[in-house]
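2 protein chains.
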Amino acid sequence: MTNTIFDFVGDTVGDWKVSSMTTIKGNSLASVSHLSKVPKKELVQTETGIWTLKGIISNLRYTEKEDKDKLAAVQQDLDRANSTLAAFIPIRKSEAWWNLAQDERRKIMENKSRHTQTGMKYLPAIARKLFHSRDIGEPFDFLTWFEYAPADADAFEELLDALRKTEEWNYVEREIDIRLVKSI
Amino acid sequence: MTNTIFDFVGDTVGDWKVSSMTTIKGNSLASVSHLSKVPKKELVQTETGIWTLKGIISNLRYTEKEDKDKLAAVQQDLDRANSTLAAFIPIRKSEAWWNLAQDERRKIMENKSRHTQTGMKYLPAIARKLFHSRDIGEPFDFLTWFEYAPADADAFEELLDALRKTEEWNYVEREIDIRLVKSI
Numbered sequence: 002m003t004n005t006i007f008d009f010v011g012d013t014v015g016d017w018k019v020s021s022m023t024t025i026k027g028n029s030l031a032s033v034s035h036l037s038k039v040p041k042k043e044l045v046q047t048e049t050g051i052w053t054l055k056g057i058i059s060n061l062r063y064t065e066k067e068d069k070d071k072l073a074a075v076q077q078d079l080d081r082a083n084s085t086l087a088a089f090i091p092i093r094k095s096e097a098w099w100n101l102a103q104d105e106r107r108k109i110m111e112n113k114s115r116h117t118q119t120g121m122k123y124l125p126a127i128a129r130k131l132f133h134s135r136d137i138g139e140p141f142d143f144l145t146w147f148e149y150a151p152a153d154a155d156a157f158e159e160l161l162d163a164l165r166k167t168e169e170w171n172y173v174e175r176e177i178d179i180r181l182v183k184s185i
Numbered sequence: 002m003t004n005t006i007f008d009f010v011g012d013t014v015g016d017w018k019v020s021s022m023t024t025i026k027g028n029s030l031a032s033v034s035h036l037s038k039v040p041k042k043e044l045v046q047t048e049t050g051i052w053t054l055k056g057i058i059s060n061l062r063y064t065e066k067e068d069k070d071k072l073a074a075v076q077q078d079l080d081r082a083n084s085t086l087a088a089f090i091p092i093r094k095s096e097a098w099w100n101l102a103q104d105e106r107r108k109i110m111e112n113k114s115r116h117t118q119t120g121m122k123y124l125p126a127i128a129r130k131l132f133h134s135r136d137i138g139e140p141f142d143f144l145t146w147f148e149y150a151p152a153d154a155d156a157f158e159e160l161l162d163a164l165r166k167t168e169e170w171n172y173v174e175r176e177i178d179i180r181l182v183k184s185i
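Chains as they are written, first to last, in our numbering: chain E, 2 to 185; chain S, 2 to 185.
What the hints contain is simulated information worked out from the structure, not anything from laboratory work. A few of these clues could be false.
Since the list can't tell identical chains apart, any single copy or any two copies may satisfy a pair.
To be verified - 27 angstroms max Cα-Cα, derived DSS-like pairs, lysine-lysine:
(1) Lys108 with Lys69
(2) Lys71 with Lys26
(3) Lys130 with Lys26
(4) Lys41 with Lys71
(5) Lys183 with Lys108
(6) Lys69 with Lys130
(7) Lys183 with Lys71
As the structure is a prediction and not an experimental result, all values here were calculated from the model.
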């Protein structure tokens, strides 16, 4: 069975070396020099380290059939040998976002912000994975993870810039941008 | 802050006395005489007892604006003084269900199975709460909870019967029906 529970451990050692850590919005996180993404069997186990953020892989909650099939055809898994750069961006959205109904959230994400379309433009170069945290009482709602080769670093900045300009991003109230270089 | 993490503890003592326990589909659960619904501050704390099932309250994942407003207008909270009967029905859906896209799942739930409409007919008499378990590595996907007065017991059977006849229910692969009487 594929692992669905992960601890993201900020520490003084780890699989990824932190190249920068920027608080985009809201409270910051303690500085760390390294980060590891550790698969867990159970939620009750917790890694130590300077801090640990927990996230779980869930089913896609907004993606419709047509986009789901397109994504499946083009996206690639994490851990590609040439993906030596990564970005770990924990995000929390506002209560106003969570008080919206499913169709209202989807309208803002897709019709207005074209979230899936934008991400798709950068596939398979920028591999992405979304980890859910809100429902398990964590400080962030989502832990977003991106992996790419150095040659695609500019494309990644373009993708991130496009996402941050969307209407959806008005609902983001905390965001920390942590850039990583593979250290093993 | 409202609690969103709950342990459902099956044991020899507890807040609710088990009046019946029926395995509708899939593997059974060990028999217990009592059940308690215990709010938790963190996921890592776990009650003991004969068994414990964990569930978390999340945002509504299918309900659209119009239905969300209608529900908010008519539904009542749990723990009403005259709600001395309850049903605790843990459910797991099949991989086929979870492999569907958001719009496919919604179509089966609402257009074909009229899940929300059916539940709404029995409001405010039958108070309902959905606890999510799938994403936290639990044996069930959902823990469903219903509370009602003895005078509404027939209405509850009617609601349950209607839900079990829907296309949505074809995707249920494990279901345990536990009926409860308030013991405190």
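Comparing the hints with the structure gives:
1. Both within a single protomer and between protomers do Lys108 and Lys69 lie at most 27 angstroms apart by alpha-carbon distance, with minima of 17 angstroms and 16 angstroms respectively.
2. Within a single copy, Lys71 and Lys26 get their C-alpha atoms no closer than 32 angstroms, and across copies no closer than 35 angstroms, so neither meets the 27 angstroms cut-off.
3. When the C-alpha separation of Lys130 and Lys26 is checked against a cutoff of 27 angstroms, the pair qualifies only within one copy, where the shortest distance is 21 angstroms, while the shortest distance between copies is 34 angstroms.
4. For the homomeric pair Lys41 and Lys71, neither the shortest alpha-carbon distance inside one copy (30 angstroms) nor that between copies (40 angstroms) is at most 27 angstroms.
5. In the homo-oligomer, the alpha carbons of Lys183 and Lys108 never lie at most 27 angstroms apart, since the shortest distance is 37 angstroms inside one protomer and 43 angstroms across protomers.
6. For a Cα distance limit of 27 angstroms, the shortest separation of Lys69 from Lys130 inside one copy, 14 angstroms, qualifies, whereas the shortest one across copies, 30 angstroms, does not.
7. For a Cα distance limit of 27 angstroms, the shortest separation of Lys183 from Lys71 qualifies neither inside one copy, at 29 angstroms, nor across copies, at 51 angstroms.
Going through the hint list in order, the structure does not satisfy hints 2, 4, 5, 7.
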